[in-house]
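Residues per chain, in single letters:
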Amino acid sequence: QKEVEQDPGPLSVPEGAIVSLNCTYSNSAFQYFMWYRQYSRKGPELLMYTYSSGNKEDGRFTAQVDKSSKYISLFIRDSQPSDSATYLCAMIPNTGNQFYFGTGTSLTVIP
Amino acid sequence: GAGVSQSPSNKVTEKGKDVELRCDPISGHTALYWYRQRLGQGLEFLIYFQGNSAPDKSGLPSDRFSAERTGESVSTLTIQRTQQEDSAVYLCASSATGKQPQHFGDGTRLSIL
Numbered sequence: 327q328k329e330v331e332q333d334p335g336p337l338s339v340p341e342g343a344i345v346s347l348n349c350t351y352s353n354s355a356f357q358y359f360m361w362y363r364q365y366s367r368k369g370p371e372l373l374m375y376t377y378s379s380g381n382k383e384d385g386r387f388t389a390q391v392d393k394s395s396k397y398i399s400l401f402i403r404d405s406q407p408s409d410s411a412t413y414l415c416a417m418i419p420n421t422g423n424q425f426y427f428g429t430g431t432s433l434t435v436i437p
Numbered sequence: 022g023a024g025v026s027q028s029p030s031n032k033v034t035e036k037g038k039d040v041e042l043r044c045d046p047i048s049g050h051t052a053l054y055w056y057r058q059r060l061g062q063g064l065e066f067l068i069y070f071q072g073n074s075a076p077d078k079s080g081l082p083s084d085r086f087s088a089e090r091t092g093e094s095v096s097t098l099t100i101q102r103t104q105q106e107d108s109a110v111y112l113c114a115s116s117a118t119g120k121q122p123q124h125f126g127d128g129t130r131l132s133i134l
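Heads up: the protein sequence lines correspond to chains V and S, in order. The numbering used here puts the first residue of the first sequence at 327, with every later residue one more than the last. The numbering used here puts the first residue of the second sequence at 22, with every later residue one more than the last.
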């Protein structure tokens, strides 16, 4: 079993839709959680960074962490064509410094 | 401010040749990571540097791969006797400390003919 599981998609939604992206993980020691956006031929770009359980909102983006279920989500409201990209989740345990990445979900927002 | 810079952005070389990839991290970032990303795949951890500590080399796939970093500055990833399976995007990332989010460069696209 992989440390971090992420549905690769592809996911295709109409402009204005609410998008839900998810990752599950197996290691209960993960404490720090991130979401990255990666456009084609570019490096991943940090979107959200959260510590432990709860919600964090930044503009149209909301990150949610449920440690009891070992499940994290990224919600995108009022999705735009410019949101079309691959979204990667990442997490770090409280000991050690290696990041664990999901394989990414490909999202297309259709105008 | 300047982000993570990688060079070259693209590299095409013949099988068996050595290649050297360069990463300039964000100034002041003590942690530096190298990853490999094959087409349509996730990020594969290669090596991690933290300040002057011994690097974590646990992700290097073979002894043909090596990396260096002097202090908290530039890092180079060297692949010797390249093979076709080495074709991938090599991404570098840096962070202020080991627990802070990583900031990525745009990668070096390596193609082995």
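Hints were generated in silico from the structure; no laboratory data involved. Please note that the accuracy of each hint is not assured.
To be verified - To be clear about the criterion: a stretch of chain V counts as covered by chain S if any three or more of its residues have a C-beta under 8 Å from a C-beta of chain S, and this derived list gives those stretches: (1) 338-352; (2) 355-368; (3) 371-378.
Positions of the beta carbon are idealized from the N, C-alpha and C atoms, including for glycine.
Tested hints:
1. Beta-carbon proximity to chain S at under 8 Å applies to 0 residues in the segment 338-352 of chain V; the threshold of 3 is not reached and the given coverage is violated.
2. Remark: the segment 355-368 of chain V is confirmed as covered by chain S, as 5 of its residues place a Cβ nearer than 8 Å to a Cβ of that chain, reaching the required three.
3. Residue count for the segment 371-378 of chain V with a Cβ under 8 Å from a Cβ of chain S: 3. That meets the three needed, and the coverage hint holds.
Checked against the numbered hints above, the structure violates only hint 1.
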